[in-house]
Structures are given as C-alpha cells and as structure tokens.
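**Student:** The primary structure of each chain is shown beneath.
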Amino acid sequence: MLQKTIQAGSLPALEAMMRFTGQRQRLLAHNIANLTTPDFQAKDVSPQGFQEMLGEAVAKRRKRTGGVDGGLDMRGSREVKVRRDGSLSFRPSDSGGVLLHDRNNRDVERLMQDMTENYGMYRVANDLMRARMGVLRTAISQRVG
Amino acid sequence: MFGSLDISTSGMVAQRIRLTAASANIAGANVVEDQYGNYAPFLRREVMLASGDPSATSRDGQSLGVHVREVYQNPDALRARYMPSSPHADENGYVMGPDISSVAEQVDAMEASRAYEANVAAAEVSKAMLAQALRLIA
Chain A
82 MLQKTIQAGS
92 LPALEAMMRF
102 TGQRQRLLAH
112 NIANLTTPDF
122 QAKDVSPQGF
132 QEMLGEAVAK
142 RRKRTGGVDG
152 GLDMRGSREV
162 KVRRDGSLSF
172 RPSDSGGVLL
182 HDRNNRDVER
192 LMQDMTENYG
202 MYRVANDLMR
212 ARMGVLRTAI
222 SQRVG
Chain B
23 MFGSLDISTS
33 GMVAQRIRLT
43 AASANIAGAN
53 VVEDQYGNYA
63 PFLRREVMLA
73 SGDPSATSRD
83 GQSLGVHVRE
93 VYQNPDALRA
103 RYMPSSPHAD
113 ENGYVMGPDI
123 SSVAEQVDAM
133 EASRAYEANV
143 AAAEVSKAML
153 AQALRLIA
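Residue numbers (the working numbering), protein chains in the order written: chain A, 82 to 226; chain B, 23 to 160.
Do not take every clue at face value.
[As the list claims (entries may be wrong)] Below, in silico cross-link-like pairs of lysine-lysine (DSBU-like), each with a Cα-Cα straight-line distance of 30 Å or less: (1) Lys162(A) <-> Lys149(B); (2) Lys85(A) <-> Lys144(A); (3) Lys141(A) <-> Lys85(A); (4) Lys144(A) <-> Lys124(A); (5) Lys124(A) <-> Lys149(B); (6) Lys162(A) <-> Lys85(A).
[To be verified] If you want a taste of the chain A side facing chain B, the calculated C-beta under 7 Å gives, among others: (7) Gln106; (8) Arg107; (9) His111; (10) Thr117; (11) Thr118; (12) Phe121; (13) Gln122; (14) Gly151; (15) Gly152; (16) Phe171; (17) Arg172; (18) Leu180; (19) Met196; (20) Tyr203; (21) Asn207.
Treat the hints as calculated values from the structure; they're not laboratory data. We put the beta carbon where it would ideally sit given N, CA and C, even for glycine.
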C-alpha cells in the first residue's frame, strides 16, 4: 500500500528529475573548478535527452497501467544509465567549443547559464514535490484525526 | 549533489594557491641572496593544476575537482642584471637574478581571483539545492 502512495502521479518523475539535476550539479561544479586547468575539456550531459527519456517512461507507464500511477521504468540512454535502485550514472560527452592556448575549452558564460538552468529545474521539481508531500500529509492527518 | 561542495572547495583552494604564488613572485622579484648572504636567486613559482582530487575519500570523488599537482620552481626564470657592486657579480658586472614581471603576475592574480569567484558561485548554488532538499519534509 505504501508503494502505491509513493509512486502516485507525478512523484516518480519528480524524484527522477531531482536525482538528475542534483547529480548534474556535481558535473557542472567539476567543470567550474577546472576553469583554469590546462588540457582539460569540459563535459556535460544533455538535460533535453534526459527529459525525452523521462517522457517516454511516463508514456510507457500510462500504456501499462492505464492511469497515472505506478513506478517509472526508464530505459537509460548513452549518456545516462539508470541503475536498479533508481540511481543514475553519467557518461558525459565533450562540450565542444573553442580550444584556448592552454588546450582548455572553457566558456564561463555557458557554464554559469547551465548551472542556473539546472538549479531552476531542480527548484521546479523540488517545489512540486513539496506540494505533493503536503497533500499526502494532509490526507494522512485527516484519516487519523 | 553531496560531493559538489567538495568539488567547489577544491577549486577555491587551487585558485588561492595560485594567488599565493603570484604574491610570492612579486615579493621575491629582486631577491638574489638568502639570509646568510649566499648566492640564491629567487626562482619563479609556477603552480601546476590537474583535474581530480586525490584527497577525496571515495573513488568517485577522486575523479572530480581540481588539485595542485606541484608548485614548480622554474630554474630557467633568470635574467642577467647589471649590478657591478654586488659580491656575486661576474667579471662583466652581471648577476643572474629573477626574471619576474609584476605585470604578468598581476594578470595571473586577476584570473585566479575571478576563477575563485566562479567557484564560490557554484558552491552557493549547491548550498541552495541542499537547503531546498531539506525543506521537502521539514
């Protein structure tokens, strides 16, 4: 019964989104820490690719259960592998861009933009999840009281 | 997400070491002897950065971040200075002294301090994400 509660509606997708953006923040922090390291190429995973994968999993779930409940079964892509327990492992690809004289392809503006957008996605998922948790808490408290 | 503060901190530490090296170079730009009066010209400190953080506790964490591979004292950063009254002068009156340009050091210091700020910005975002995650339940 608990399984059904925590896999209801948008919760699995929001959880996957939070995992992805939280882990991508590490990757972006790594790129920023190596802004001045010679021979370093910045690597990133594509958020659009992840969102497509998530969309496919949600459509698959709808086809399987006929509704909006149940766990998500994510296929995984070349860049993002989904493990059994739901955690993600990244295989980031090169960001491209211009190689500077120390063979680093730094692009501070792009990195800052990526970090801001990633944080925005994280906030969206987090706030929606908090609202959902609030509804759950209300539902539970009303049953007891 | 929990490792990202470690990563940003390693970036800040590396840039601070670069800043310290730039200050040391500016301070030692005219030093040709040690405290006993022996000939010991100041060698320019060059900080070699490499990605990865060997001091991290997990193997996953060791591949991320940045660390100072070595602080290289460049033995070729010397140029001849005309100081005929110095006890270390050669027969033409020249002493091999440090070849340090304070302009180059200041530019290095500027770049290091901007990179430090970028790492601080990344750390702030990581902190904000952690704070948001805590507010999920509490």
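**Student:** Confirm or reject each hint.
**Tutor:** How the hints compare with the structure:
1. Lys162(A) <-> Lys149(B): 26 Å, holds
2. Lys85(A) <-> Lys144(A): 17 Å, holds
3. Lys141(A) <-> Lys85(A): 17 Å, holds
4. Lys144(A) <-> Lys124(A): Not OK: Lys144(A) and Lys124(A) at ~35 Å, beyond 30 Å, violated.
5. Lys124(A) <-> Lys149(B): 22 Å, holds
6. Lys162(A) <-> Lys85(A): 25 Å, holds
7. Gln106: 5 Å, holds
8. Arg107: The hint holds - Arg107(A) has a Cβ within 7 Å of chain B, the shortest such distance being about 4 Å.
9. His111: 4 Å, holds
10. Thr117: 5 Å, holds
11. Thr118: 5 Å, holds
12. Phe121: 5 Å, holds
13. Gln122: 10 Å, violated
14. Gly151: Violated, about 22 Å.
15. Gly152: 20 Å, violated
16. Phe171: 11 Å, violated
17. Arg172: 13 Å, violated
18. Leu180: Violated, because the Cβ-Cβ distance from Leu180(A) to chain B comes to roughly 16 Å (cut-off 7 Å).
19. Met196: Holds: closest Cβ of chain B sits about 6 Å from Met196(A), inside 7 Å.
20. Tyr203: 6 Å, holds
21. Asn207: With a closest approach of 5 Å, the Asn207(A) hint holds.
In the structure shown, a violation is registered for the earlier hints numbered 4, 13, 14, 15, 16, 17, 18, in ascending order.
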